[in-house]
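For the protein sequence lines, the chains are Z and V, in the order given. At position 223 of the first sequence the residue is numbered 223 (this note's numbering), and the sequence of numbers has no breaks. At position 53 of the second sequence the residue is numbered 53 (this note's numbering), and the sequence of numbers has no breaks.
Check before you lean on any hint, since a few could be wrong.
With the Cβ distance kept under 7 Å, some of the chain V side facing chain Z (calculated, not the full set) [claimed, not checked]:
#	residue
1	Lys150
2	Pro203
3	Glu204
4	Ile208
5	Gly219
6	Gly252
7	Leu257
8	Leu265
For lysine to aspartate or glutamate, the following EDC-like pairs were computed, each having C-alpha atoms within a straight-line distance of at most 20 Å [as the list claims (entries may be wrong)]:
#	chain 1	residue 1	chain 2	residue 2
9	V	Lys187	Z	Asp148
10	V	Lys302	V	Glu70
11	V	Lys236	Z	Glu185
12	Z	Lys187	V	Asp148
13	Z	Lys236	V	Glu28
Among the chain V residues that face chain Z by a calculated CB cut under 8 Å, a handful are [what the hints assert, rightly or not]:
#	residue
14	Ser152
15	Gln153
16	Ser167
17	Val169
18	Gly170
19	Glu185
20	Ala190
21	Glu194
22	Leu198
23	Ser210
24	Glu212
25	Pro217
26	Phe229
27	Asn232
28	Thr255
29	Ser256
Rather than coming from a laboratory, the hints here were simulated on the basis of the structure. Predicted model only: the values in this text are computed from it and were never measured. Glycine is no exception: its CB is placed at the ideal position from the N, C-alpha and C atoms.
Protein chains: 2
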Amino acid sequence: MIKVAVDAMGGDNAPVEIVKGVVEAVNENSKIKVYLTGVKDIVEKELALYTYDKDRIEVVNATEIIETAEPPVMAIRKKKDSSIVVALNLVHDGVCDAFVSAGSSGAVLVGGQLIIGRIKGVERPPLAPLIPTETGCSLLIDCGANVDAKPSQLVQFAKMGSVYMESVVGVKNPKVAIVNIGAEEEKGNALVKETFPLLKNCPEINFIGSIEARDIPTGYADVIVCEAFAGNIILKLYEGVGAMLLNKVKTGLMTSLRSKIGALLIKPALKRTLKGFSLEEQGGAPLLGLNGLVVKTHGSSKAIEIKNSVLQCATFKEQKINEKIKEKVILRDTD
Amino acid sequence: MIKVAVDAMGGDNAPVEIVKGVVEAVNENSKIKVYLTGVKDIVEKELALYTYDKDRIEVVNATEIIETAEPPVMAIRKKKDSSIVVALNLVHDGVCDAFVSAGSSGAVLVGGQLIIGRIKGVERPPLAPLIPTETGCSLLIDCGANVDAKPSQLVQFAKMGSVYMESVVGVKNPKVAIVNIGAEEEKGNALVKETFPLLKNCPEINFIGSIEARDIPTGYADVIVCEAFAGNIILKLYEGVGAMLLNKVKTGLMTSLRSKIGALLIKPALKRTLKGFSLEEQGGAPLLGLNGLVVKTHGSSKAIEIKNSVLQCATFKEQKINEKIKEKVILRDTD
């Protein structure tokens, strides 16, 4: 049985969509048991709406909620009875294998490190969302956990990202590239110049060199390595440019009678095509390198994302990702 | 008379589109004289196709061409008779006020600093393209000239960007923001944390705080400050995500007969709407803070961009941007 703690109170659509997603996940995979953390009365009232195997969803009471605006370190330390801290403790205590939350990113990242703790030898745990590309999706690692990371940390990110892409997403021998401002080896800032040769001499990964931001959406690389400041810009600009362009297209379609009729005709096809592009469709972002898995899903997550994130935890456990990280990332480092 | 040196040999469409754009510019503004640098026979043959005031376009022979792949510093030092070096010398010697090139970015940036030189007191000259937004355009400063810039340099970028946005683009009291990974003042990497309070205490600019990458396309800020590694990612991802999404939309429209008919109906409206979004439409990116103006246009520039860039040089001169930079950026610094 794979046991997943889920934050019932986190995100814009909690608890309704969270509970719905959890029910869908346990109904789809009979090897999963979920511990829903949150205000007991509220969560149980929501659960009462569904039919599911009562043995495989348990509500664990947590009376506090960490808000998105709260400073993360303080919140984790003070709100011991929050849905996030209670869930993290379930993983720390070995009751659960993994934790899924749509709540405060900062609290989830900080709490994951402080409460669950890093795998021995992992310098920093990176947050690694899957981003949509023309050909499928790529892993962006790190996108928010470690600004001003060091070269040795980026090398670990590259290795952990490779393991994840190969074992969880199923990409054979994934292509790894470092985000840079030009294709040539001598280009880049101090961090990239120092990291590039380390990646080049890394036998565990399929390093293909630099990737310019322009080529990220084409799917040129499977694992895209960068420190978190750059990664965060990439992730958020992806959203921003996408939203702006689609707005522009919609406005454009409303400018004449002719285009309005055309818009009605193209709507189904367009919707189908753009669905795969949505960041939400890709499920949650794993925080890798911890003694247990933490998956952070989008704050606006609906049931489908919560379900996918819980199922993702099962794959993570079944594929023994942490064992592989210990073997491929840590042992080799200390050879 | 405003005198502009133009690299006739730089870019994918040289010399055809360059010469065409130059002729259009001098025909549109009678106060402009252009010095076209390049292989004399080739340029004159192109020029012979057009009607224009012969006194206002002069060909200056330059027998060499700097290729995009050449290491910039070496190229500038060795190819003394290249179209770029000859043009830069015209500005250095005071024959010309400004220089426009669609050629090697590296060579133009390095050459601008080495040959024309910085305004006394300017620490680093930033490259500052205009990027399209939902409401118009914003100035992205710096997008490629200075990776690993220092806080004091970013402050100068903010001031120079404000002057440019106000005087050349015509935005009154432009809103200045620094690229960050969250809205709160305590967020960011070491560079941003150090720069934020300096910008906040800067009376010459209208500083509105941090901008997350997600909000850049909305036009939330007029001047977007960042060091060049981040700026380059923003600029290139803008292009990349835009191109990918439009491809997806096009592919989607071809999936059924119904959507194909719809596509025919929406085409004109869509084309009109998206035209303003193209990066090319915004003209060239100025390299600010030099003793003269250098404008780098896209490598794939057509005549329209070359024309706009040459006209932009006239506005730059007429608006006395360098005098304003000396007054607002430098004098205040040394107060």
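Hint by hint, here is what the structure shows:
no., hint, verdict
1, Lys150, "13 Å, violated"
2, Pro203, "28 Å, violated"
3, Glu204, "27 Å, violated"
4, Ile208, "17 Å, violated"
5, Gly219, "9 Å, violated"
6, Gly252, "3 Å, holds"
7, Leu257, "10 Å, violated"
8, Leu265, "3 Å, holds"
9, V:Lys187 / Z:Asp148, "12 Å, holds"
10, V:Lys302 / V:Glu70, "23 Å, violated"
11, V:Lys236 / Z:Glu185, "18 Å, holds"
12, Z:Lys187 / V:Asp148, "12 Å, holds"
13, Z:Lys236 / V:Glu28, "41 Å, violated"
14, Ser152, "18 Å, violated"
15, Gln153, "14 Å, violated"
16, Ser167, "27 Å, violated"
17, Val169, "19 Å, violated"
18, Gly170, "23 Å, violated"
19, Glu185, "12 Å, violated"
20, Ala190, "5 Å, holds"
21, Glu194, "12 Å, violated"
22, Leu198, "18 Å, violated"
23, Ser210, "12 Å, violated"
24, Glu212, "5 Å, holds"
25, Pro217, "4 Å, holds"
26, Phe229, "5 Å, holds"
27, Asn232, "4 Å, holds"
28, Thr255, "5 Å, holds"
29, Ser256, "6 Å, holds"
Hints 1, 2, 3, 4, 5, 7, 10, 13, 14, 15, 16, 17, 18, 19, 21, 22 and 23, counting from the list given before, are not met by this structure.
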